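There are 4 protein chains.
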Amino acid sequence: MLKIGVIGCGGMGKDHIRRVTNKIQGAEVVAVSDVFEESAKAAAEICGAKVYTDANALIDDPEVEAVMIVSPGFAHVDSLLKAVEAGKRVFCEKPLCTTAADCLKVVKAEEEAGKHLIQVGFMRRYDKGYQQVKEALDSGNFGEALMLHCTHRNPEVGTNYNTPMAVHDTAIHEIDVLHWLVDDEYESAQVIMPRVTKYSHSELKDPQIMLLRTKKGVCIDVEVFVNCKFGYDINCEVVCEDGAIKMPQPMYPDVRKSAAVSTTIDTDCFVRFKDAYDTEIQAWVDDAASGVINGPTAWDGYLASVTADALVKAQETGAIEKIETAIEKPAFYC
Amino acid sequence: MLKIGVIGCGGMGKDHIRRVTNKIQGAEVVAVSDVFEESAKAAAEICGAKVYTDANALIDDPEVEAVMIVSPGFAHVDSLLKAVEAGKRVFCEKPLCTTAADCLKVVKAEEEAGKHLIQVGFMRRYDKGYQQVKEALDSGNFGEALMLHCTHRNPEVGTNYNTPMAVHDTAIHEIDVLHWLVDDEYESAQVIMPRVTKYSHSELKDPQIMLLRTKKGVCIDVEVFVNCKFGYDINCEVVCEDGAIKMPQPMYPDVRKSAAVSTTIDTDCFVRFKDAYDTEIQAWVDDAASGVINGPTAWDGYLASVTADALVKAQETGAIEKIETAIEKPAFYC
Amino acid sequence: MLKIGVIGCGGMGKDHIRRVTNKIQGAEVVAVSDVFEESAKAAAEICGAKVYTDANALIDDPEVEAVMIVSPGFAHVDSLLKAVEAGKRVFCEKPLCTTAADCLKVVKAEEEAGKHLIQVGFMRRYDKGYQQVKEALDSGNFGEALMLHCTHRNPEVGTNYNTPMAVHDTAIHEIDVLHWLVDDEYESAQVIMPRVTKYSHSELKDPQIMLLRTKKGVCIDVEVFVNCKFGYDINCEVVCEDGAIKMPQPMYPDVRKSAAVSTTIDTDCFVRFKDAYDTEIQAWVDDAASGVINGPTAWDGYLASVTADALVKAQETGAIEKIETAIEKPAFYC
Amino acid sequence: MLKIGVIGCGGMGKDHIRRVTNKIQGAEVVAVSDVFEESAKAAAEICGAKVYTDANALIDDPEVEAVMIVSPGFAHVDSLLKAVEAGKRVFCEKPLCTTAADCLKVVKAEEEAGKHLIQVGFMRRYDKGYQQVKEALDSGNFGEALMLHCTHRNPEVGTNYNTPMAVHDTAIHEIDVLHWLVDDEYESAQVIMPRVTKYSHSELKDPQIMLLRTKKGVCIDVEVFVNCKFGYDINCEVVCEDGAIKMPQPMYPDVRKSAAVSTTIDTDCFVRFKDAYDTEIQAWVDDAASGVINGPTAWDGYLASVTADALVKAQETGAIEKIETAIEKPAFYC
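Protein chains in written order, with our numbering: chain A, 1 to 334; chain B, 1 to 334; chain C, 1 to 334; chain D, 1 to 334.
Note that these hints are calculated values from the structure, not bench results.
Every value quoted in this text rests on a predicted model; they were computed, and no experiment measured them.
Ideal Cβ placement from N, Cα and C applies to all residues, glycine included.
Incorrect hints may appear among the rest.
To give a feel for the contact side, a few chain D residues facing chain A, derived at Cβ under 7 Å [stated by the list, open to error]:
1) Phe36
2) Ile192
3) Ile209
4) Ala319
5) Lys322
Cross-link-like lysine-lysine pairs, in silico, DSS-like; alpha carbons within 27 Å at most [claimed, not checked]:
6) Lys205(C) to Lys274(A)
7) Lys198(B) to Lys205(C)
8) Lys257(A) to Lys88(B)
9) Lys14(A) to Lys274(A)
10) Lys246(A) to Lys198(D)
11) Lys215(A) to Lys257(A)
12) Lys246(A) to Lys115(D)
13) Lys41(D) to Lys246(C)
14) Lys257(D) to Lys205(C)
15) Lys257(A) to Lys205(B)
16) Lys246(A) to Lys205(C)
17) Lys205(D) to Lys198(A)
18) Lys41(D) to Lys128(B)
19) Lys134(A) to Lys246(D)
20) Lys274(A) to Lys23(C)
21) Lys41(D) to Lys82(D)
22) Lys205(D) to Lys215(A)
Some chain C residues flagged as far from chain A (calculated, every beta-carbon gap over 10 Å) [as the list claims (entries may be wrong)]:
23) Thr53
24) Pro248
25) Val312
26) Tyr333
Kindly generate the complete structure, drawing on both the sequences and the hints.
As structure tokens, this is what we get:
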């Protein structure tokens, strides 16, 4: 039984508490913390855990073997450094940290500690569809990947959602999962701004087409369209030298009605990736036994941050922006 | 230029006149006939043809090289016998005749005349989808056909449409095209009567499942559902020893809207089989040059009649009814 | 923690032991039994359980709160009656018993005990696809179900597989899941025998088309084709008054290669229904808390037995055979 | 009967002669010309036409009412100017001319002549799939188009095919059909060069991603991949404010075999667009009666030339290149 402490008891935190309590084998939540005591108490009731208002105290609790960081992004860095110091295994919701500099600090801390502790919450790697595409790619039957055509479409977003959030809140998932898919790192970024949909507002250019090039020359286009109205629609096609692989859509019946045959498109990312969230946490728990991190590492979190920064810059300049890490990928992460 | 006389100037007759005039290469309508002179005159205006009220006079017209019989079914037999006597090539809309006895008379007349003259208007054999399935079957890549699963669905029918019409007006198309597809003849028929849809009425059992067995033992099920509401939906899957072949649906865009991806289903048989009608008539015209009938023959028309009779009997008895022709297939038709 | 004893430690038994141990929340295997002590010992090693060679002793073990019966079919009846007597919750792999008479004995025993204890291992009800179809049906958007078109195709079977096994081992799954889908019971059965595939042998008529009619008049056709070569291919389309619903196929990428776009078909039922098995057992464990059986009951097991008997008789007679239960459905099971 | 003279009797010329002779209603080929007399004679035999070796003489022939220019691209400009001078209707295979300057000369000549005479052979506008997408767009149900995602994939090309030919010979079809689809003109072009497939050679960067922006801000990406190996695969998805529309694939049966369900992809553009070629020529013939050009005009030919030049420049510079016409679109073409 992996004894988990959860930092951050908002909606997502409570989701993870429920998940660990009801779905995950071999783990339980023994402590929760939130700066708002009431939130922490409410969350604790789900699982019968100890209540903290100080994240560091929770990390120090000797009963806590592993930590889930689900606090607001700006608070991640302190908890991460503290947990690394304490030698405790971490699952940290994305983003790793809100700046590339902080991400790098965490990377260095983990490397110095010399122990693989941190997994970042990019759940798409655990989605069955992406895994099937990865498996096909890794089979060698398709030769090298050359291009990826992707979409990330949301039915709509709130009015506070602005242009850079199309990178930080939306494309961030593609940033992580796509370089993992082709086992490569990014080299440059560009953003194309089509005509804006009537459903957007002055602070949000929607849709956008984000272009990424990897070091091996794989060219990726991601349509990010957050007011597409018709659904939460994630697509990914990998075009290779010896064939092309298109990720399957979620399973729904084919319905014949009103002169059409139709299939449901999801409208909610938590429905679309429900199984991926469960699989992700189960894998993190299972990997604890052998002390490895098979999921996205702190380095992946840092890469995502650097890539996002380049994309946001590219949104502004319209130019092709380099994506450069401050240090070479440490051998520790290879 | 094949000079055609058209007998019967109702809706379907006028359709064929327009088709020959506007779409078909190498043919023209030179004469039309209808017992209602006004109808004949109206039709003649489409193509600038001579007008008859007597079908026999049209057949005797020396300018008329070939005859299209589009009159009501009961009138077919006389025109057919007359045309055979006159040695003129015939395209006869289905049914060949309204009774098996009359069909047989026509078969015998044609055989005696010793010349292949008659093609019956079962246009499905000219549909691209059925032809692709036939081509796959004939390729030998799938071994022998064992089963066919089919649907013939209409959005709705008029209140005068009754139970036997599900055979005579609807399944009649499957009766012809399916035995052609598997190059076989029928042995027995059964009809299963499911619960009746709320959209039907006391004179119409709808839907019905018609079961046919061929001499080689291929078992066919055809769902006939004429008030299915959602569309004119024709499906055909052939299950073979080495694979299964499903006829494609008509081409329509995939549309993403309202939390669904959907594709149009036709609602009208004339839209669904529009190209098949054109191809059918063009083929009949083209075949005139070499004096052959590659389409459905009088024998096929007779077979359809005998099979339809067995299905109607099976509708009443609920039993498995034999399908027997009064004579062996004449060598003339092999 | 539901403490489970597993009776029968063959392949399927060990599968269930692994499942409970590694995947299921809230349960553990505390005892296993097999007439072959070596098998029991090997299975016990998976989960660290007590070893029995006598099923009754396992049932009597006071630590065992619930029993999974995974022994050969003929042995089920004794363990079932014993478990009911002991008041212990049971999950019994299909078939409930090998004869309708034994099934009825179990039904009566459970009814007399007055406590819902037995769930039969028809896992298809827990398959996501069937559940989506059921949900659509229950939504009321499609009116009443009228027809079901189904296939149950296996790539191939061993040479000891014979004609009645097409019912007992194969169609048995459709027998259970389809009447549940339409919330109805069966009235009659018929089996149609198409031409036999070249891949079969003298003791096996393959394929077969099984026809079932429910009391409300829903007509079901199930193609059972166990040497179809191309895959384990389960299809189910429900045609209703206001539309038709087709169960989705399992998710696999669309692959473009060699002048074709293709999607994988499973070749193994344990892969195809892997998630269904997990969901089934989790549900059985979860339902223990409230002492209900939401899955297939002993009555469903009895119905399956009676229906299978009628189908086997219909295989021999070629006639429409009545499906009659010896008693009315007890109020206890409604 | 429109009396046609065909200039250029190579493979494509003979195709058009056969098409007019065997498929097209209301037209016949009365004269053919080729600088190689043998070619002209061979072509003339198909249709029994007069033979010329001088294109101008053919244009001057008073029997010739309309001209099809199927000569090599460099020879188009002279024939076009001559035909305009002679006031004869023209169908000119793509490209209109080999330079934008020549195209402009033709545009101006036609404008001065004051009569709509020239149609350019961009047949995709006549493809059923593109027409269905256009119809959906024009229905108003989808709001404004924002993005187009397209692929133009060939199984393979000859070794003389080089990087600029990816524009001139391949993407040229998208250049014409896409701006027609969204009823807009191009503003800028960019070309992205992914990693090169192992099946290419030093003179050919393959694949390429071509990006076009229209004046209204529609952003288009076209994957051009001419050694994709798996087929001739044309895709087009239009993402709009109120939904997305994906062009259907050609109709082929769904085949179940070898653990996969698969559908054929064409491998040849003449098979893929066979019907489009027929429809195109029939429309050009039909439009002759009313003296209009509903197909691609000389202006469209000029636009294609200017756009292709910008794309070729962009292939070299890697930058976003402006697409500018030397003159405003003349009112004559609006």
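These are the hints, each one checked on the structure:
no. : hint                   : result
1   : Phe36                  : 41 Å, violated
2   : Ile192                 : 5 Å, holds
3   : Ile209                 : 6 Å, holds
4   : Ala319                 : 9 Å, violated
5   : Lys322                 : 14 Å, violated
6   : Lys205(C) to Lys274(A) : 44 Å, violated
7   : Lys198(B) to Lys205(C) : 38 Å, violated
8   : Lys257(A) to Lys88(B)  : 47 Å, violated
9   : Lys14(A) to Lys274(A)  : 15 Å, holds
10  : Lys246(A) to Lys198(D) : 21 Å, holds
11  : Lys215(A) to Lys257(A) : 48 Å, violated
12  : Lys246(A) to Lys115(D) : 49 Å, violated
13  : Lys41(D) to Lys246(C)  : 59 Å, violated
14  : Lys257(D) to Lys205(C) : 21 Å, holds
15  : Lys257(A) to Lys205(B) : 21 Å, holds
16  : Lys246(A) to Lys205(C) : 39 Å, violated
17  : Lys205(D) to Lys198(A) : 38 Å, violated
18  : Lys41(D) to Lys128(B)  : 35 Å, violated
19  : Lys134(A) to Lys246(D) : 25 Å, holds
20  : Lys274(A) to Lys23(C)  : 17 Å, holds
21  : Lys41(D) to Lys82(D)   : 23 Å, holds
22  : Lys205(D) to Lys215(A) : 17 Å, holds
23  : Thr53                  : 30 Å, holds
24  : Pro248                 : 4 Å, violated
25  : Val312                 : 32 Å, holds
26  : Tyr333                 : 29 Å, holds
Hints 1, 4, 5, 6, 7, 8, 11, 12, 13, 16, 17, 18, 24, counting from the list given before, are not met by this structure.
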